[in-house]
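Fit chain B to the known structure of chain A by using the hints.
If you want the building blocks of each chain, they are given just below.
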Amino acid sequence: MKKDIKINIHHITRVEGHGNVVIDIKKGVIKDLRLEIVESPRFYEAMLRGRKYDEAQHIMSRICGICAVSHTSASLKAIEDAMGITISKQATFLRKLAFHGEMLQSHILHLYFLVLPDFFRVGSIVPLAASHPDAVKRGLRLKKLANEICYTIAGRHIHPISLFPGGVAYTPKESELRALRKRLEESFEDLEATLELFKTFKIPEYSEKREYLSLKEEGEYALYSGKIQSTQKYSAKPKDYRKLIKESIAPYSTAKHTKSKKGAYMVGALARLCNNFNQLSYRAKKAAKELSLTAQSFNPFMNNAAQLVESFHCTEDAIKIIDKLLSAGIKKEELKKPKKFGTGIGIVEAPRGILFHEYTINKDGIVTDANCIIPTAQNLQMIEEDLRGFVPTILSKPKDEVVKNIETLVRAYDPCISCSTHIMDVSFV
Amino acid sequence: MKNRNKPKVAFFSFTCCEGCQLQVLSCEDELPDMLSLVDIVNFREAIDEKRDDYDIAFIEGSMSRTHEIEEVKKIREKAKIVVALGACSATGGLNCLKNRFPMEEVQRVVYGDKAKKYKHFDTIPARPIDAVIPVDYYIHGCPITKSEFLHVLKSLLLGKKPEIPNYPVCVDCKMAGNVCVFEKGMTCVGPVTRAGCSAICVTYGCICWGCRGLVDDPNIAAHEDTLKRYGLTVDGVLRSFDLYGGWGRHKIS
Numbered sequence: 000m001k002k003d004i005k006i007n008i009h010h011i012t013r014v015e016g017h018g019n020v021v022i023d024i025k026k027g028v029i030k031d032l033r034l035e036i037v038e039s040p041r042f043y044e045a046m047l048r049g050r051k052y053d054e055a056q057h058i059m060s061r062i063c064g065i066c067a068v069s070h071t072s073a074s075l076k077a078i079e080d081a082m083g084i085t086i087s088k089q090a091t092f093l094r095k096l097a098f099h100g101e102m103l104q105s106h107i108l109h110l111y112f113l114v115l116p117d118f119f120r121v122g123s124i125v126p127l128a129a130s131h132p133d134a135v136k137r138g139l140r141l142k143k144l145a146n147e148i149c150y151t152i153a154g155r156h157i158h159p160i161s162l163f164p165g166g167v168a169y170t171p172k173e174s175e176l177r178a179l180r181k182r183l184e185e186s187f188e189d190l191e192a193t194l195e196l197f198k199t200f201k202i203p204e205y206s207e208k209r210e211y212l213s214l215k216e217e218g219e220y221a222l223y224s225g226k227i228q229s230t231q232k233y234s235a236k237p238k239d240y241r242k243l244i245k246e247s248i249a250p251y252s253t254a255k256h257t258k259s260k261k262g263a264y265m266v267g268a269l270a271r272l273c274n275n276f277n278q279l280s281y282r283a284k285k286a287a288k289e290l291s292l293t294a295q296s297f298n299p300f301m302n303n304a305a306q307l308v309e310s311f312h313c314t315e316d317a318i319k320i321i322d323k324l325l326s327a328g329i330k331k332e333e334l335k336k337p338k339k340f341g342t343g344i345g346i347v348e349a350p351r352g353i354l355f356h357e358y359t360i361n362k363d364g365i366v367t368d369a370n371c372i373i374p375t376a377q378n379l380q381m382i383e384e385d386l387r388g389f390v391p392t393i394l395s396k397p398k399d400e401v402v403k404n405i406e407t408l409v410r411a412y413d414p415c416i417s418c419s420t421h422i423m424d425v426s427f428v
Numbered sequence: 000m001k002n003r004n005k006p007k008v009a010f011f012s013f014t015c016c017e018g019c020q021l022q023v024l025s026c027e028d029e030l031p032d033m034l035s036l037v038d039i040v041n042f043r044e045a046i047d048e049k050r051d052d053y054d055i056a057f058i059e060g061s062m063s064r065t066h067e068i069e070e071v072k073k074i075r076e077k078a079k080i081v082v083a084l085g086a087c088s089a090t091g092g093l094n095c096l097k098n099r100f101p102m103e104e105v106q107r108v109v110y111g112d113k114a115k116k117y118k119h120f121d122t123i124p125a126r127p128i129d130a131v132i133p134v135d136y137y138i139h140g141c142p143i144t145k146s147e148f149l150h151v152l153k154s155l156l157l158g159k160k161p162e163i164p165n166y167p168v169c170v171d172c173k174m175a176g177n178v179c180v181f182e183k184g185m186t187c188v189g190p191v192t193r194a195g196c197s198a199i200c201v202t203y204g205c206i207c208w209g210c211r212g213l214v215d216d217p218n219i220a221a222h223e224d225t226l227k228r229y230g231l232t233v234d235g236v237l238r239s240f241d242l243y244g245g246w247g248r249h250k251i252s
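These protein sequence lines map, in sequence, to chains A and B. As numbered in numbering that gives the first Met the number 0, residues 0 to 428 make up the first sequence, in order. As numbered in numbering that gives the first Met the number 0, residues 0 to 252 make up the second sequence, in order.
Chain B extracted, bound-state conformation:
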């Protein structure tokens, strides 16, 4: 493989825990090959180099400050392909739990009454990056899975459109051989959540929390009825959808 034509890849991080970048670094077996196929030109968490000539930009994190919107727009101008990396970037993620409250209130709760005096505590309702720029591809999940990241990267390097599942987590869950959480006396949002995670949360004894966002055309009303039938209050139903679906529900422009 000749070096000079290697595609240039950049990683950027906005409001988030940086766990999705860390998942990339956790591809221990694949990292050496990855580095032979692409030039990583921007990855603040791991390398000193910072260059602006990239072909593919992987962007993690939500937009929660006005200057982040300006920065992500500049990235969009420079990158040929923009990939949303993980739930915060793809759907707004957990950050949107903040949107249930007025921004002045969350500032005051965390930083105190005088916080509004200082500009660096400013915050806007959290949103996914496609609320402010066009996004070419999405890698879902909180965090992303290594296999899906590698699949998307490989597809892009081969010039193909990456396939992302558009069926519910229930399919993954059946394939994993799990007992349905509804049969164990719990409830979840797996029936309307996008698969691709091998239903790992159910395998490890929990429920589907909905981190990969909704499938296209989800039947929310039917699932709300199901949750109520299994004993959830109206509040409980809303809370189930709110955890990762906050942007859709509390959209504020």
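This is chain A alone, in the form it adopts within the complex:
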């Protein structure tokens, strides 16, 4: 179909932060296509300079309300790497537990609040509360439990408190962990019902081969540690991340764009799943099968399915971690003290993908330099490439349908725009 269409979606809704999509099509050919990130830049890397090392995780958590535990964790790992701190086994388990809480909270929020309305063709979860009250209540129950994992370990989810350089500053009671474990077990019923619901939704047919980048770890589905792995058969140690990822600024975006040595790449739930499929938990693999998700899935819309599969994995793994903590016995522990100063790197898998923090800390414990690469910024180039590939396939539809489809594609990436607008030192293209 050779038609002229101008699309200008101002402030896409049901995504975190402010973004616009501008597409200009002349005679069926895309002349211009931009995902404009118009979020106000916040300059965290600059702001952190001159602050004390044990304030860094507190400050950097505030990069994002949704991924606060991830930013805190990456920050702590960077601080601890720079200062020669190795935290205890118990502290690692507690941090991983909080991490699962965040992953669940973020995925559930996305699936129920932001994605579900698209499938029912309504503008938000509000009308669904009347038309599909059971689904909405289920979403709220799952989200509440996810939040409560974080409350139990870290005091709260948005800007966790107890996750501190040297370990975890609060010791949960065994009774709290037992209560949490029971509720996690009970939540499989809600997850199964979620799976039944999402299985009925028709996913747009659009599949393009792409490079996925994520962490990969021996012996577990990598979320909290590991090496950097590409599906293009190369990998790198954490300290070499700068060799792998090149950043540039775009004249229409306050978030930087990134490329790997192969070009645009995708990060997030689908990328993790394709890199680490065999390490998923039992129920997660089963859910993947039911959703027809494999390690060779190249449909970006399937990112939502991958989030649901990971929700099963995180719930099962959280139960395993609680069992390990309970069988070892929870003890009150002192925070480990710094042994040196220098530069450190912290890499974790945030809900939206691989997240890098790097700090330099001087002999007085003051941060002199900081550098972060955010998942959503890494996905921007790929979202644009997907729009270029996807939009021509839907041009026969009425314009408002085209707009809705575009929004659904952008939303499938679960972009977190506030997060993405304060990246680091730049190489200009």
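These are calculated hints, taken from the structure and not from any lab test. All values reported here derive from a predicted model rather than from experimental measurement. Note that the Cβ used here is the ideal one computed from N, Cα and C, for glycine as well. Treat the hints loosely; a few may be bogus.
Unchecked claim - Restraint ranges, calculated between C-beta atoms of paired labels, are given here:
id	chain 1	residue 1	chain 2	residue 2	range
1	A	Glu-188	B	Ala-220	53 to 63 Å
2	A	Leu-325	B	Asp-52	48 to 58 Å
3	B	Asp-32	A	Asn-19	30 to 40 Å
4	B	Phe-181	A	Lys-362	18 to 28 Å
5	A	Ile-329	B	Asp-216	37 to 47 Å
6	A	Pro-203	B	Asp-112	24 to 34 Å
7	B	Asp-112	A	Gly-328	51 to 61 Å
8	A	Glu-207	B	Phe-181	30 to 40 Å
Relative to the frame of chain A, chain B by itself:
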């Protein structure tokens, strides 16, 4: 409850992490009731609808760009009641850490030497919204607490003035049964910071960072002396107050 007279509520977001809006969405038990009492007409993070006829505007985020000031002024014109939602909006919050440096410098550090060529990297010293518009009520904290948000919303719906604590975090901390951080060999700004958070940061093993801003009439000089007595250097004292108090200290017009 008849639907047609439901008050219309809008949520807006400026320079921030959107964590305070997210706290609103985290009121899982109360959301269904909330939706039966008010019409939410603007909440970009969660709903498609965008309408301009609202009675109450909850505004999160600081002002850090000139166009944000224009936008917030328009919101003020339309809303009957404006509530600052969270530290960034109420006191400037962490964003004001940026104000310690010249704006050209922060731009260059993050986006590189050529950043000044592009207008979309422009930034002004961060400030709370009451630096540019009158604000009716404040919900403090980084992030806000769910209970305080619900308390303020309920009060406004009942036509009452919401009560916000004006005593120091130390009171909350004692009620929570915490050991004072000064006795544990650490220091904090709790004695001059506005309570209302149940001293949750101390309960979970940390210190009060001061996110809820100062109480009215704080005795800063006395607390500075206390911090020095407990071993903080002059720099350390300044840093303690700077984290969330940057707007007061580095005010730039």
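Evaluated hints:
no.: 1; hint: Glu-188(A) - Ala-220(B): 53 to 63 Å; in the structure: holds (59 Å)
no.: 2; hint: Leu-325(A) - Asp-52(B): 48 to 58 Å; in the structure: holds (54 Å)
no.: 3; hint: Asp-32(B) - Asn-19(A): 30 to 40 Å; in the structure: holds (35 Å)
no.: 4; hint: Phe-181(B) - Lys-362(A): 18 to 28 Å; in the structure: holds (27 Å)
no.: 5; hint: Ile-329(A) - Asp-216(B): 37 to 47 Å; in the structure: holds (43 Å)
no.: 6; hint: Pro-203(A) - Asp-112(B): 24 to 34 Å; in the structure: violated (42 Å)
no.: 7; hint: Asp-112(B) - Gly-328(A): 51 to 61 Å; in the structure: holds (56 Å)
no.: 8; hint: Glu-207(A) - Phe-181(B): 30 to 40 Å; in the structure: violated (59 Å)
Violated hints, in rising order: 6, 8; the structure is consistent with all others.
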